[in-house]
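Enquirer: Letter by letter, the chains look like this.
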Amino acid sequence: MPTDSIGKPADRLILPEYERDDASHPALDTEEYHSTSLRSPRRPLQLLPQHLTEITGPVLGHERVGDTDHDLTVQHAGEPLGERIVVSGRVLDSDGKPVPHTLVEVWQANAAGRYRHAGDRHPAPLDPNFSGAGRCMTDENGHYRFVTIKPGAYPWRNHDNAWRPAHIHFSLFGRAFTQRLITQMYFPGDPLFYQDPIFQSVRDPKARERMICEFDLDSTIPEWALSYHFDIVLRGRHATPFEEDEDDD
Amino acid sequence: MNHSNRSSEAAPVAHPATTPSQTVGPFFALPGALPWPDGPEVLPAGSSGATLLRGRLLDGAGDPVPDGLIEIWQADERGRFAHPDDPRGTSTDFPGFGRCATGPDGEFWFRTVKPGPLPTPDGSEEAPHVNVTVLARGLLARVVTRIYFPDEPTANAADPVLSAVDPARRDTLVATAEADGYRFDIRLQGDDETIFFAV
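Protein sequences, first through last, are from chains A and B.
Each residue of the first sequence is one higher than the one before, counting from 1 in UniProt numbering.
Each residue of the second sequence is one higher than the one before, counting from 1 in UniProt numbering.
Calculated from the structure, these hints are not laboratory results.
Hints may contain errors.
Facing chain A, a subset of chain B residues (Cβ under 10 Å, in silico) [what the hints assert, rightly or not]: (1) Ala17; (2) Leu52; (3) Ala75; (4) His83; (5) Thr154.
Which bits of chain A does chain B cover? Going by a derived footprint, with three or more residues having C-beta under 8 Å, they are [unchecked claim]: (6) 32–45; (7) 49–62; (8) 76–85; (9) 178–186; (10) 220–233.
Listed below are several chain B residues computed to face chain A (Cβ distance under 10 Å; list not exhaustive) [what the hints assert, rightly or not]: (11) Ala29; (12) Pro115; (13) Arg137; (14) Gly138; (15) Ala141; (16) Val161; (17) Val165; (18) Gln189; (19) Ala198.
Owing to the predicted nature of the structure, the values given are computational and were not obtained by experimental measurement.
Note that CB positions come from ideal geometry on N, CA and C, so glycine has one too.
If we strip away everything but chain A, and leave its shape as in the complex, we get:
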């Protein structure tokens, strides 16, 4: 019987378990998004029991967040060009509980639809006053807030005349390895949705809607910036902890 390094018996571990929600997520192999063809595993995924490594996760605190990291419009000497916006919301789990004190990271193109990246060849202007990256922590109630510039749409070469709808990338750690999520926030009413294979890779229309933020008049700052609200929902925990390994099929 193993014991851990401070001598407690290791056979009494009671661990939470995070619920899976495979139906909401895109298939790794999505024919219309051509880059998946050589990069998606072909063999079935093996079930990994949720043990200590899976129910814990990185605790990344305020030391990762600088004073202006949440405001992408003040990171340079001048103001960036484009439509200033506030994006705020909550990080929740699927039990409806807020995920407090978790690091939220964002990255995006500028107002002209260009990333400050050597690999971006889109002949749109680079904005010397916009880097397009930010981070913040959720507060004790799971709230986060960014000030940024509305990103532009941009062309890519996936198919004939392909354009990505405007989007902001989000990275969330949650509380456990199993809660890690990278997603994209889209804007309401974008006419490019129907032809975008990345957006459409989420097959359930209701699940796709959960990637679209809401215009948020209440949070608009008069004479300064429009606002959008975007809640992000990570996997939740089963209500009752279990003692035995799951042994279903």
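Starting from the known structure of chain A, arrange chain B on it as the hints suggest.
Expert: Okay, now just chain B, sitting in the frame of chain A:
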């Protein structure tokens, strides 16, 4: 800055459905974005007990993936996590998290420690391992694998996860020894595709 919170935020949402995953895209490596300057340095250079863990990320044609992001999560050398949900208590300040963007040849590296073994809820033991997240353009959701260590044959033979996978593919989860650490290549697809897990 004054702005009013939406009144609806006060009301708890009963069981909201989860937000779908999307690709990290090719441009996560903006200045100040996902790759951090210290990202691969789970331990600072010169730390005692540090070892190098490195490898390459390869696609189904065997070509390097130069726009991937690898993240690792692991226990310290005693098998402890700096996390409140470790029921044994938190008595380590080892961060356990590393992040490295892949280079032109698909290579990534971490300076870290080899973790200790871990107890399981049923009283058995997991061999030392590192959990890995792979993100890249073309991956609509992260894929997850584990790194086991070649100098742990007994623990590996008894490990409940390694014991449950196809023996013919088990070696894809075990690093190889190098002079200053370990090598673990990740093959997203192909005859020697790495085993990936559903978590």
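Enquirer: Look at each hint and say if it fits the structure.
Expert: To see whether the hints hold, each was checked on the structure:
Proximity of alanine 17(B) to chain A holds as hinted, the smallest CB-CB distance being about 6 Å (cut-off 10 Å). Hint status for leucine 52(B) relative to chain A: violated, with the closest Cβ pair at about 20 Å, above 10 Å. This hint holds: alanine 75(B) has a C-beta 7 Å from the nearest C-beta of chain A, less than the 10 Å allowed. Checking histidine 83(B) against chain A by beta carbon gives a least distance of about 4 Å; that is within 10 Å, so the hint holds.
Restraint check, threonine 154(B) versus chain A: the minimum CB separation of about 13 Å is more than 10 Å; hint violated. Counting residues of the segment 32–45 of chain A whose beta carbon lies closer than 8 Å to any beta carbon of chain B gives 11, which reaches the threshold of three, so the coverage claim holds. Given as covered by chain B, the segment 49–62 of chain A passes the check, having 12 residues with a CB less than 8 Å from a CB of that chain where 3 are the minimum. Counting residues of the segment 76–85 of chain A whose beta carbon lies closer than 8 Å to any beta carbon of chain B gives 0, which falls short of the minimum of three for the stated coverage.
Counting residues of the segment 178–186 of chain A whose CB lies closer than 8 Å to any CB of chain B gives 6, which reaches the minimum of 3, so the coverage claim holds. Proximity of the segment 220–233 of chain A to chain B, defined as three or more residues with a beta carbon under 8 Å from a beta carbon of that chain, is established by the 7 residues found. Nearest Cβ of chain A to the Cβ of alanine 29(B): about 7 Å, under the 10 Å cut. The hint holds. Contact between proline 115(B) and chain A, as hinted, is supported at the beta carbon level, the nearest pair being about 9 Å apart and thus within 10 Å.
Checking arginine 137(B) against chain A by beta carbon gives a least distance of about 5 Å; that is within 10 Å, so the hint holds. The beta carbon of glycine 138(B) comes within 3 Å of a beta carbon in chain A, closer than 10 Å, and the hint placing it at the interface holds. Hint on alanine 141(B) holds. Least Cβ distance to chain A is approximately 5 Å, under the 10 Å limit. Contact between valine 161(B) and chain A, as hinted, is supported at the beta carbon level, the nearest pair being about 6 Å apart and thus within 10 Å.
Interface hint at valine 165(B): satisfied, since its Cβ lies 6 Å from the closest Cβ of chain A, which is below the 10 Å cut-off. Restraint check, glutamine 189(B) versus chain A: the minimum CB separation of about 6 Å is within 10 Å; hint holds. A cut of 10 Å between beta carbons decides the hint on alanine 198(B): the least distance to chain A is about 4 Å, and the hint holds.
Consistency note: the structure conflicts with the earlier hints numbered 2, 5, 8.
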